[in-house]
Amino acid sequence: MQQQQGNRFFFNVDWITVLIYIALCAIGFVNIYASVPPEQTTVFGFSTLYGKQLIYIITGLILGLSILLFDGRLFNVFSPFIYGGTLLLLMAVLVIGNKVAGNQAWIAIGSFKLQPAEFAKFGTALLLARYVGAFNPKFRDVKSIMIAGLIVAAPLLLIMLQPDTGSALVFLAFMFPLYREGLSGYFLLIFLGMIVLFIADFLVPTYILIIIITTIAGLFIYNNRRKQKIIFSTVLVTVFAIGYLFLIKIAYEKVLAPHQRSRIELMLGLKTDNKGAGYNVIQSQIAIGSGQGTGRGFLQGTQTKYGYVPEQSTDFIFSTIGEEWGFMGCSVVIGLYMFLLLRLVNLAERQRSTFSRVYGYSVACILFFHVFINIGMTIGIIPVIGIPLPLISYGGSSLWSFTILLFIFLKLDSNRMGFI
Amino acid sequence: MDQLFNRKYIVQGLFIVIALILLGKLFYIQIISDAAFVSAESNVLRKIYKYPARGAILDRNMKVIVQNEPVYDLMVTPNEVKPFDTLALAQALDITFEDVRKNLKKARGKSSYQATPFLKQISVQSYARLQETLYRFPGFRTQDRTIRHYPDSVGGQLFGYVKEVSPVDIEKSEGFYKPGDYKGKSGLEFSYEETLRGEKGVINTVYDAHNTPQGSYADGKYDVNAVSGERLISGIDMRIQKLGEELMMNKVGAIVAIEPASGEILSLISSPGYDPNLLVGRNQGNNYMEFIVGNPYRPSLVRPIMGYYPPGSSFKPVDALIGLQEGVIDPNTTFFCPHYYQAGNRKIKCEHFDGSISLRRGIARSCNTYFCYVFQKLITKNGMKNQRQTYQEWRDKVAKFGFGSKLDIDMPYERKGYFYTADHYDKIYGKRWGYTNVISQAIGQGEITATPLQMANAMAIIANRGYYLKPHLIKGIGDKNLVKKEYVVKNYVGVDARHFEPVIDGMQDAVNTSWGTAILSRIPDVVLCGKTGTVQNPHGKNHSVFIGFAPRDNPKIAIAVIVENAGYGSTYAAPIASYMIEKYLKGSVSGARAAQVEWMKNQNLLPVLKDKTKAVKLTKADSLLLKKADSTKRVKDSLRIKSATIKQTVTTKPKEFKSVIIDKPVIQK
Ligand SMILES: [Zn+2]
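Order-wise, the sequence lines are chains E and A. Going by full-length UniProt numbering, the first sequence opens with residue 1, and the numbers climb by one from there. Going by full-length UniProt numbering, the second sequence opens with residue 1, and the numbers climb by one from there.
A couple of the hints might just be wrong.
[Said to hold, decoys possible] Computed cross-link-like contacts, DSS-like style, restricted to lysine-lysine with a CA-CA straight-line distance of at most 27 Å:
1. E:143 to A:8
2. E:138 to A:8
3. A:416 to A:397
No lab work stands behind these hints, which were simulated from the structure alone.
Please put together the full structure from these sequences, using the hints given.
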């Protein structure tokens with residue numbers, strides 16, 4: 001009887017994904033262990049960072065397995081409540097949250113600290129999946145785009161208020177599941193264009209950009225001079241683009257905090273700063289680069305051992321991997337992530353229900369944003385945005401939220417033959 | 001729906017593209033570029049250097065003539081400094097309150113976490129005082145070093161000086177020297193730098209991000225112990241080096257003494273000299289400007305190897321030797337001297353009316369006429385048409401005596417002197433020239449110039465009857481007393497030994513007979529052979545020159561002495577040479593001659609600085625140094641002193657001065 005029940009709960013679970021999950025957690029533990037100063041590693045205790053992380057991993061695994069015990073349909077049914085709950089937490093954190101490094105991101109419950117932004121991700125993913133699953137909009141109309149946009153924008157804006165730009169940025173990942181469900185590719189192109197223009201606006205004088213844009217637009221209009229509709233939309237896009245350029249400048253001066261501005265300037269190579277905001281990135285790159293091909297070996301990284309990289313066990317954990325395991329280790333980690341991401345997309349595609357598919361895409365894309373932004377930041381191709389490396393970075397909230405995110409999908413996937 | 005399914009590939013493609021971008025950048029910083037690796041090392045590694053003691057230098061009697069003294073650099077690591085009693089530190093170091101703040105600011109400018117010098121070369125006495133209170137100044141530590149000490153306070157140009165390396169030195173050495181290293185800059189300190197400097201030791205310590213030491217790096221695998229420099233044994237005899245410098249006090253000139261059998265230099269004196277200890281320690285820069293650059297008689301010109309003098313009469317023995325070897329004369333050949341020699345419309349005066357004069361007497365009396373005839377015969381021996389070729393042959397034979405080229409002494413900045421080839425005269429006179437055009441070379445005047453070293457070496461050749469060993473200052477390197485290979489090779493000059501005796505007869509007579517030119521310089525019980533010279537000097541009074549060797553049989557010392565603007569060779573140069581030789585051979589100058597030594601020491605023969613512009617004209621090295629430091633007030637001061645000096649000396653002869661060490665005019669208000 002027990003056996004049968006077990007089979008029912010864990011039937012059809014994609015164990016390969018679970019294995020990758022465990023592998024990434026283990027890699028995290030090993031590298032957090034290495035990142036702790038040597039004098040603290042002599043005694044093994046649960047008060048140390050790696051001791052705590054081990055607890056988080058074990059409890060995370062228990063949490064993940066217990067999610068598999070739920071009935072998958074419950075997630076669909078309760079998604080509005082979960083979403084609403086996370087929104088409430090996000091509002092609560094603004095009122096009663098603890099300030100950490102200028103960000104009001106944490107709710108302390110006793111000694112336990114909760115970061116609602118982490119949990120808002122799967123709340124949003126669930127509600128978005130439910131909306132798309134229930135109404136099956138093809139995002140050809142303004143209304144459905146508005147609704148989907150609203151679902152994503154509400155937590156995003158609340159997180160921006162903390163302010164936690166990094167976590168907020170991750171919500172842009174929801175564009176991809178929407179794109180998969182029919183949102184025009186132009187939205188992605190516009191998004192890409194906005195990023196390109198944003199960077200270009202810092203590197204090239206604005207008036208030159210305006211000349212370039214209008215020249216291209218002019219040629220385009222000339223080529224399509226019979227098609228009024230195209231002329232109209234081209235003019236519209238051009239006007240928006242130019243307006244956007246000025247908006248960036250204004251926003252940059254008025255909205256961004258000085259430390260955010262300097263992070264952007266550092267990333268674009270517009271200034272160098274060995275001690276201030278650039279210190280983390282420089283030290284992180286030194287640590288990673290010094291790992292060379294095969295790394296200095298476990299516990300042998302001097303930059304890691306002697307604490308040259310700040311926040312090394314959390315946001316900069318990848319620098320430990322880079323220093324001690326070299327290009328080889330980095331490739332393995334990136335390879336594991338890629339395997340997981342591509343597999344998640346494949347799993348999502350095999351779902352019968354739109355709900356499960358949208359949710360699966362959301363999970364993959366959120367993970368993708370985290371991996372890209374975090375690793376990109378440690379090697380200096382993205383400005384410093386403080387978000388964790390999924391499953392590897394130290395921290396309970398982050399580990400658990402990714403566990404929940406992932407295991408809900410695994411549960412949905414195991415139920416894919418049924419109707420949700 | 002199918003169309004939308006394809007979007008899966010776009011999403012997955014994006015994942016892969018981004019992953020490749022990440023891997024690409026990783027590949028660059030980890031595999032291609034090693035900048036990060038280097039930075040990582042410099043993050044954690046601090047090197048503490050252990051400076052080796054430079055090798056000592058001994059003289060030929062194994063007396064230490066260059067040694068080391070301990071000093072201490074006070075180092076500061078600015079970010080380890082905690083607020084401290086500035087006044088107490090200033091007092092302990094004997095500097096001002098302002099200096100402390102200034103030096104600290106300077107150190108901060110260099111590096112905040114690396115130890116940089118706060119105050120260099122603290123004496124042992126100050127160090128002892130500082131040591132008791134150092135614990136009160138966190139962030140400060142002392143660094144052991146040694147500096148040079150020259151116990152005899154002579155031989156400034158001979159020994160040279162040691163100085164902290166400049167950025168140019170570092171660049172030239174391709175990174176061998178690091179800031180803070182010391183290096184020999186001139187003299188023996190320069191030429192034997194590689195032997196003397198030793199090997200720097202280093203201790204690698206690992207530091208964490210909070211700049212706390214974490215123990216040795218790689219278990220000390222890359223640590224190196226300091227190795228002291230090797231000792232040198234020099235051929236110098238400090239007794240006569242010292243005597244010579246004292247004799248040359250208040251005179252401008254040079255002395256070079258060589259042991260003929262070995263080529264070892266017994267003494268090398270450049271006057272005005274200076275105490276090498278002046279260029280050691282914290283006042284090095286100031287003293288350099290004041291005593292070297294500031295002295296109008298240019299002690300920076302190392303006269304024994306850089307000074308150009310016409311060899312004058314001292315060249316005559318060489319003429320005679322080549323004449324004998326070529327067979328144009330024999331020991332019995334006589335010429336008639338009517339007080340002059342005339343060739344065409346050229347007339348060369350002789351000091352005496354010698355009448356019919358032989359070779360032996362011609363040398364002893366330094367008869368110009370005799371040697372002009374010898375020269376005439378040499379150049380015209382193949383007829384009038386072949387003079388150009390015979391001149392060149394003659395020049396090549398003289399060149400074998402070491403004239404016109406460097407002798408490669410183990411000291412920097414040696415110069416080769418002028419000695420023109422036939423080609424050169426072609427340029428001056430066209431194709432049509434003969435012995436009459438170049439006759440003044442017969443008596444060592446005119447275009448030919450030689451360094452005192454070359455003159456002394458010519459004497460060593462005569463003493464050896466036909467060969468020389470390259471003159472050198474160091475005869476033993478390191479504990480194994482290695483000798484450079486080229487210093488044991490006999491260089492033959494192409495004149496048979498038998499031709500030397502008649503010439504030496506004449507040189508013996510010059511000193512030891514009533515008709516000689518240097519009879520006042522006879523040394524009791526020693527047969528000194530020599531030749532005086534009174535060298536015409538277009539810029540002023542004649543130079544006084546003496547060259548010689550002693551004793552006649554089995555000679556022990558060959559010498560050249562030049563006293564600028566001192567007149568006859570017999571008055572100053574010859575006696576000075578004789579005192580040196582007597583001291584060397586007998587250990588002291590005896591009898592009445594001892595008093596003469598004291599008299600000689602007290603003679604002030606410093607030439608009057610006639611021409612203001614000429615006097616301020618600095619050597620290239622001097623003016624370079626001036627340029628380097630011209631922003632500092634110090635230089636302005638020293639220039640002011642100098643111009644004051646010059647103004648003062650325009651009219652009167654500089655006063656003799658009491659200082660035993662420095663030959664520098666005193667400024668009179
Ligand atoms: Zn004569």
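Hints, verified against the model:
Proximity of residue 143 (chain E) to residue 8 (chain A) is assessed by CA-CA distance (about 25 Å); at most 27 Å being required, the pair is judged to hold. This hinted pair checks out: residue 138 (chain E) and residue 8 (chain A) have alpha carbons roughly 16 Å apart, not beyond 27 Å. Restraint check: the Cα-Cα separation between residue 416 (chain A) and residue 397 (chain A) comes to about 16 Å, which is no more than 27 Å; the hinted pair holds.
In summary, the structure agrees with every hint in the numbered list given earlier.
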